[in-house]
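Participant: These protein sequence lines are chains G, D, R and V, in that order.
Basically the working numbering = 1-based index in the first sequence + 1040.
Basically the working numbering = 1-based index in the second sequence + 1040.
Basically the working numbering = 1-based index in the third sequence + 1040.
Basically the working numbering = 1-based index in the fourth sequence + 1040.
Wrong hints could be hidden among the right ones.
As the list makes no split between identical chains, a pair holds if one copy fits it or if it spans any two.
Stated by the list, open to error - Listed next, the in silico DSBU-like pairs over lysine-lysine satisfying Cα-Cα at most 35 Å (straight line):
hint	residue 1	residue 2
1	LYS1203	LYS1127
2	LYS1259	LYS1120
3	LYS1253	LYS1107
4	LYS1264	LYS1220
5	LYS1180	LYS1251
6	LYS1253	LYS1120
7	LYS1180	LYS1107
It should be emphasised that the hints constitute simulated quantities derived from the structure, not laboratory data.
4 protein chains.
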Amino acid sequence: MSNRYQGIKEQAYEANMQLPALGLVLFTFGNVSVVDRGAGVFAIKPSGVPYKLLSPDSMVIVDFEGKTVEGTGRPSSDTKTHAVLYKHWEEIGGIVHTHSTYATAWAQAQRDIPIYGTTHADHLTADVPCAAPMSDEMIKGNYEHETGFQIMQCLQERNLSYKDVEMMLVGNHAPFTWGKTADKAVYNAAVLEEVARMAYLTESIRPECPKLKESLIKKHFERKHGPDAYYGQ
Amino acid sequence: MSNRYQGIKEQAYEANMQLPALGLVLFTFGNVSVVDRGAGVFAIKPSGVPYKLLSPDSMVIVDFEGKTVEGTGRPSSDTKTHAVLYKHWEEIGGIVHTHSTYATAWAQAQRDIPIYGTTHADHLTADVPCAAPMSDEMIKGNYEHETGFQIMQCLQERNLSYKDVEMMLVGNHAPFTWGKTADKAVYNAAVLEEVARMAYLTESIRPECPKLKESLIKKHFERKHGPDAYYGQ
Amino acid sequence: MSNRYQGIKEQAYEANMQLPALGLVLFTFGNVSVVDRGAGVFAIKPSGVPYKLLSPDSMVIVDFEGKTVEGTGRPSSDTKTHAVLYKHWEEIGGIVHTHSTYATAWAQAQRDIPIYGTTHADHLTADVPCAAPMSDEMIKGNYEHETGFQIMQCLQERNLSYKDVEMMLVGNHAPFTWGKTADKAVYNAAVLEEVARMAYLTESIRPECPKLKESLIKKHFERKHGPDAYYGQ
Amino acid sequence: MSNRYQGIKEQAYEANMQLPALGLVLFTFGNVSVVDRGAGVFAIKPSGVPYKLLSPDSMVIVDFEGKTVEGTGRPSSDTKTHAVLYKHWEEIGGIVHTHSTYATAWAQAQRDIPIYGTTHADHLTADVPCAAPMSDEMIKGNYEHETGFQIMQCLQERNLSYKDVEMMLVGNHAPFTWGKTADKAVYNAAVLEEVARMAYLTESIRPECPKLKESLIKKHFERKHGPDAYYGQ
């Protein structure tokens, strides 16, 4: 067996194993992929295999059209969504999909997560966007492929860049996150779940709660992401 | 002692031990059984024994009338409910009963769990049905026996098959789940608890939330259960 | 040092250690005692000592007036409440006090926990009573002593016996539970916390939810506690 | 390397490691510092370092102006807030900042946590204060420095002393706690999170719930903090 993809297989394995460790998945409800831009492929979790049976060698290597390049297992059923995003977003290195409890509840409610505090603002300056449910035509078509376009279209409509906003809810479904590396994408998945939980509690404690004011949003974003960034607790 | 039932005793033991591992039971508030169709019996957890004291040999063997065939312990007090379901539903291999927190809260509220998202739709295309509380006459009669009929009657009224819908809430009481194997029934019990939790949160985040649209329900069901099923994360 | 009380010290130690294991206490927010009726004393947790530093020998022996009989530590500050209950309720063997999250929230809301389901009915057929806050005079007096009378008075007003109802909320404060043994009292503390959590969720899922009907309450109580009891999952 | 600050480095390390153990932080969302009054410096967590990679030697030594005195890492980005508080509050020995879930939700809702029960009253007799969000000018200025003044100003406006009230929410942001020692400050952070959770549940169970009456507040405070204090469970 080729060792050409050993690096991304090991990274994908490690990143996938973080999902149950962080409490983000029940059974097999999630997957992580890692891209190799030079080779034009990514490594992704095989479909339906319990986390405790995974190994680096069980990761499947797939190209940007979603075709399997190497591996005996079937790639995750969300593979085509990953493929579309890697093809169009040239600066991401990893993608995560989970059905984590609180983020999924917001997706089911088809609501953006309002920016209520600095925990949120330290990571993105917009509400977490929730893509509108797909049209019936897209659903009947190449569903997972279309999910990739659903995600891209939502960002475009709101004039947001995938480089600034690394997380999204797919309406009626569940969250996707991404980042320059798979580790960053996993980090974003855990942050999103916590932000979703805090926003739910905030609205319970104070219905009609005002959002964070613009000056605070800007300050928290810039101290972490601005040209003079200095942030890190 | 006969080794004739060793297989189902071991399966029943393993399946019962999954309940505390998955956080679905407090103390002894749950039980799993496994059927042997050839022998016309099932193995079930003994009554009132803490999980950590269980062993394969402590499982009780019972026939479809609820009579003990082998075993020194008293079978679970829910045994007659299991017996009725095995007798009438010829294609199930295992049954689970728990008092898991969120599913039980929905049962206490006497409400079906609305289908709000794809996590739900990946497992069943209907709302999770909640059987109406028993009539006073049934309660005064052979209670656990009648619970079996209460479950079957609820599915019948809604024109649902136990082969498609493998989970149910018994109003005022708690959930029952089943499946072709005991492992699948346990899997369903954990999925039900998570679906119940997400639906509770969804309604808190958006009261009067619309349910999943028909086209999405159909797509998610078919990609997992349809003739061309390909799903598995 | 006398070994006369070794038995109840060990039982008290074991029972106290179950509180953090069951997730019922933060830091030192709870205590268990075990009585020796023959000797007219009980063993109780010392005051302010973290659970991981406890040992059987650190338990304090106290009489029914709340006076220390043996032990170097100061007995729990709730000792007088325990003493009053042991003195007046001759058939209890153990008492538990915690500030477990959900039960305490109901106590703070000064509401009885309504009987919404069979999980509750399997343990008591009444709403879990919440004693009204103390009068200012009682508060200024011998506070912990009066808490014992507050508990007894509440049961009396509602015409309930401590033999049937083994748990109570003290308004604005937190729960107390008891039983024929300390193990049973600890079991009751964990059941109360779960019943409190389920009732909170039930009301969130269905405001104005009806309570369990009388026939079901009766059935579930009798199958566990009645003359022909057969219950135990 | 100097051993002069070894004591506070070890204390700071131990106290920081308690935050993940108590479930108060996700990733690096928190920090603890310990002061050495004689030397006029404090030890604080380095910025952005995961808890499992920390060691006593990685703690950074900083003076009351926020300038690094010893250490190779960058001190926590909240360092200036700690520095301001140590400079002005001469009797505190440690400070904790977290983004713990429930306390942060109250901060995001910009509400004080009402005193609903004795769990709260055992620790402070006032509502937990929530400082109003900063003015835009302060935000644009020396932000973390100003956060220290925001905290002090809030106590002053309410006529509260940092010696009586050892916890506060910073509006839109998250909690800060302090105490005579770092261990006490960590204890306060865990107590605040539990009090925040209970108050949230209390309001869900009973909207418009009355607060604890004055006589009970006074009793619980005095038995723990008064001249004749005897409390400790």
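Participant: Going back to the hint list, which numbers does this structure go against?
Facilitator: none
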